[in-house]
Amino acid sequence: MKQESITQGIQCAHCGLQCDRDCIGSNDIFFCCDGCKAVYELLSQHDLCGYYSMDDPKLKSLKHLSHKSMERFAYLDDSAIGDSLFEYQLDGKAQVTLKLPSVHCASCVWLLEKLPFINPGIIRSRLQLAGKYITIYYDKEKTSLRSIVELLTLLGYEPELSMATVQKVEQVNSNKTMYIRLSIAGFAFGNTMLFSLPGYFDEGMNLMGSHFSLLFSGLNLLFSLPVILYSALPFFKNALAGIRSKTMNLDIPIAMGIIALYGRSLYEILSNSGPGFMDSFTGLVFFLLIGRLFQKKSFDALEFDRDHSSFIPLQCTVVECEREISKPVSAIRIGDTLIIHNQEIIPADSKLLSAIGHIDYSFITGESTPVELIKGGMIFAGARVLGPTLQVEVQREVSRSALLRMWNSEESPQIKSKLLHVSEVFAKYFTAFTIGLAIFGGMIYLPDITSSINVFTAVLIIACPCALTLAGPFTLGNIMRLSAKKGVYFKNPETVMEFGSGSSIVFDKTGTLTSSLEGQVEYVGNILLRDDIEMIISGCLASTHPKSRMIAAWLSKKNDIGNLCGIRCDMFREIPGSGWTSHFRGHEIQIGSSEFIQQTTERGVFLSIDGIQYGRFMIHEGPRKGILPMLKRLKDDVTITTFLLSGDDDKHAYHYESGFEGEHSLRFHQSPDQKAQFIDALHAQNKDEVIVMVGDGINDAGALKKSNVGIAVTEHISSFTPGCDIVMSSKVLPCFDMIMKYAQSGSSVIMGAFIISVMYNAIGLTLALMGKLTPLFTAILMPVSSLTVIGFSIGMTSWKARHIPNVESE
Amino acid sequence: MLIGFSVLVAGGFLIAFIWAVKSGQFDDRATPAIRMLFDEQKDEDISKE
Chain A
1 MKQESITQGI QCAHCGLQCD RDCIGSNDIF FCCDGCKAVY ELLSQHDLCG
51 YYSMDDPKLK SLKHLSHKSM ERFAYLDDSA IGDSLFEYQL DGKAQVTLKL
101 PSVHCASCVW LLEKLPFINP GIIRSRLQLA GKYITIYYDK EKTSLRSIVE
151 LLTLLGYEPE LSMATVQKVE QVNSNKTMYI RLSIAGFAFG NTMLFSLPGY
201 FDEGMNLMGS HFSLLFSGLN LLFSLPVILY SALPFFKNAL AGIRSKTMNL
251 DIPIAMGIIA LYGRSLYEIL SNSGPGFMDS FTGLVFFLLI GRLFQKKSFD
301 ALEFDRDHSS FIPLQCTVVE CEREISKPVS AIRIGDTLII HNQEIIPADS
351 KLLSAIGHID YSFITGESTP VELIKGGMIF AGARVLGPTL QVEVQREVSR
401 SALLRMWNSE ESPQIKSKLL HVSEVFAKYF TAFTIGLAIF GGMIYLPDIT
451 SSINVFTAVL IIACPCALTL AGPFTLGNIM RLSAKKGVYF KNPETVMEFG
501 SGSSIVFDKT GTLTSSLEGQ VEYVGNILLR DDIEMIISGC LASTHPKSRM
551 IAAWLSKKND IGNLCGIRCD MFREIPGSGW TSHFRGHEIQ IGSSEFIQQT
601 TERGVFLSID GIQYGRFMIH EGPRKGILPM LKRLKDDVTI TTFLLSGDDD
651 KHAYHYESGF EGEHSLRFHQ SPDQKAQFID ALHAQNKDEV IVMVGDGIND
701 AGALKKSNVG IAVTEHISSF TPGCDIVMSS KVLPCFDMIM KYAQSGSSVI
751 MGAFIISVMY NAIGLTLALM GKLTPLFTAI LMPVSSLTVI GFSIGMTSWK
801 ARHIPNVESE
Chain B
811 MLIGFSVLVA GGFLIAFIWA VKSGQFDDRA TPAIRMLFDE QKDEDISKE
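In order, the protein sequence lines correspond to chains A and B.
The C-terminal position of the first sequence is numbered 810 in this note's numbering, with every residue numbered one higher than the one before it.
The C-terminal position of the second sequence is numbered 859 in this note's numbering, with every residue numbered one higher than the one before it.
By construction, these hints were calculated from the structure, which means they are not laboratory data.
Some hints could be false.
Claimed, not checked - Covered stretches of chain B, going by a simulated chain A footprint (3 or more residues, C-beta under 8 angstroms):
#, stretch
1, 812-819
2, 822-828
Said to hold, decoys possible - As a list, the in silico SDA-like pairs of lysine to any residue whose alpha-carbon atoms are at most 25 angstroms apart:
#, chain 1, residue 1, chain 2, residue 2
3, A, 176, A, 294
4, B, 832, A, 290
5, A, 772, A, 443
6, A, 132, B, 833
7, A, 687, A, 737
8, A, 132, B, 818
9, A, 114, B, 846
Remember, predicted model here, so these are calculated numbers, not experimental data.
The C-beta atom is built at its ideal place from N, Cα and C for all residues, glycine as well.
Throw the hints in and build the complete structure from the sequences for me.
Next up, the structure:
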């Protein structure tokens, strides 16, 4: 392939940007980067070059915007912020790891690992697809962090640069030690089994001679040393922590069992009185660690504990001495004048200085319609600016903004998780019971000290709640894994239990039950001909307003216009918040609010063609498909009560009346605070109630936190969600009741597994109390009981999951 | 004799595994599989010129 170096002034054939460096050319077509070239070649191979002749004004504006909005990365030149992102720097070279949320496929890997060819200052770039991290190693003299971030943004992979990601350090190390612990235990398990086996066959016959049995015992002892000293360490640590804080946990009986097992084996081997239980001991630790690992395997791609810092940007542009400089958000003081561009988030409560501004409060209130403010109006932190750049004056410091107060008010003492409580009580009784039984067993044989101690340790060994600790993680872990396939992501196993036991479900309306993407459009007015429709679509496509988008989608679908690319308007002018004017084939089309078209005060989006009033579009935010049947099913379930909270007015209340029980369960005009108070009130009514809150956006954040189980519904799993216990794809919401039933089944499966393990324990305990516990028997009983429990848990949960329909998930 | 061998071999595997975990081979199991599919032709072209 021929390559030439071309001087400035040539536009990239793919993205339209100026090629300001060496550009790559083939057949008189030039590209700014390999990525563009690759895409172009692919398109031309498949005769899709039509993309380039299509001069979409929207695309153009996007390019323009992306070029201009690069200004917002200016703060990365500030060394204070830059330094906090670096992993290390040495000899003018630095390494930085950035999170790229939009990475998703093999071609992303291809493009991003070719970064050194695009920017010669980058020495090496490595992408980690699963975690969506890119590690870039670059020369600080040749390039800067800012230009790297700009390059990434230009390629469409904007790094996530919020306070939370800066503060977050990778914590893979703990997983690594976990694997090493497990591998050592597994290794010891296999080998001790091998060396114990001859002893079992030899029982009573003494064929192999004391020489060999001594060697085998010695080897077993050697293998078990790293297991007790290293692999089993977490159990001892947890048990010790439990004793210190005077709370019972299941690790205490486990630690006791391990010590008893090891101590007795050690004694037997050293005193040469028997072969010991080393194989059972290593096996036990191995199985316990597998359970632990399974429990720990949560989902890397999702973050649940996001707080306000994920919302607020790192920096903002401040006007100081008539110059625009960028400052870290933490340095903003009252009275500073900030410049906020389109789509940026306002970091602090401020007063509007520009004449007019359009603010999207959807993060805070959930209301998707933008609010119009005039000069002097108050804007609250967390609001997103739509349309032209605004100047605002800071009224309150970032740390004292209304947004943060909302977050802080939520941090009321958390109601203790029910499962934790149950397992704590269980652990307490279990430990007491085991110790009691062991002492009792020892007492029976009392005159005979040896058999008394034998029985005492045997009871502790066999009663070790190995199967018990495996049942929970495996059952709930498998439920979590299978649910994740369907688009429901649980925060931890406790959440599954909690969710299954939910008795009150509170739904948020806007964005949760309704979807802005599935709104219904209705047209009232003069009949529209095909030409008129094309005219309207042409303008709507050029507009960025969501309502225009919906109208265009609705019209093209209804009239079967497939090829939208050919339709484009000649002139387009949009006045944000009111409407737009465009020209198409010599006609003038205007669409906008009633004031814009100068008509009556009726609601809707008005249409005028060549100055003649045609009619209006009415957009209803309808409930998502399948929501109402789901609500009815929940209503029919006597154990569950449902409520609806909405920040909106009650104009669409009729949609939901059939899904809820009477007027009192439907509440409109609820502010975020009132939503949280409502949850509190429910708690006050009945302390045992487990409240499930289903919502989206930060306007529900307070209620999500107050409830026992907060479920955040999102359109895209990877997009932002407020702090919550469960993240649910909006696509699975129609099967909400089935998922709940599935989570409920978790506790019955665990109960089943408990019964199985208790049966095994009963057999073992009887033998132990009779003083007939042999190493061979424990060596068989322990793995068998563990494996049955694991098999039962996984089998049952997989079988129960078959009812839930497979909704396509990301 | 054979016992010693078996222990040595098994121990060797254990050390190999621990080394693999520590060196980060298991940190990212998705990307290398894709990475190896890209041919390096382009790099050679560039270095030639």
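Verification of the hints:
1. Counting residues of the stretch 812-819 of chain B whose CB falls under 8 angstroms from any CB of chain A gives 3; the rule of at least 3 is met.
2. With a cut-off of 8 angstroms between beta carbons, the stretch 822-828 of chain B has 4 residues touching chain A; three or more are needed, and the interface restraint holds.
3. Pair hint residue 176 of chain A plus residue 294 of chain A holds up; C-alpha atoms about 14 angstroms apart against a cutoff of 25 angstroms.
4. With a C-alpha separation of about 19 angstroms, the suggested pairing of residue 832 of chain B with residue 290 of chain A holds against the 25 angstroms cut-off.
5. Distance restraint check for residue 772 of chain A and residue 443 of chain A: the Cα-Cα separation of roughly 16 angstroms lies within the 25 angstroms cut-off, and the hinted pair is therefore satisfied.
6. The straight-line distance between the Cα atoms of residue 132 of chain A and residue 833 of chain B is roughly 20 angstroms, inside the 25 angstroms bound, and the hint therefore holds.
7. In summary, the hint linking residue 687 of chain A to residue 737 of chain A is supported, as the alpha carbons are separated by about 23 angstroms, within the 25 angstroms threshold.
8. Note on residue 132 of chain A and residue 818 of chain B: the hinted pairing is violated, with a Cα-Cα distance of about 40 angstroms set against a maximum of 25 angstroms.
9. A hinted pair counts as satisfied when its Cα atoms are at most 25 angstroms apart, and residue 114 of chain A with residue 846 of chain B qualifies at roughly 14 angstroms.
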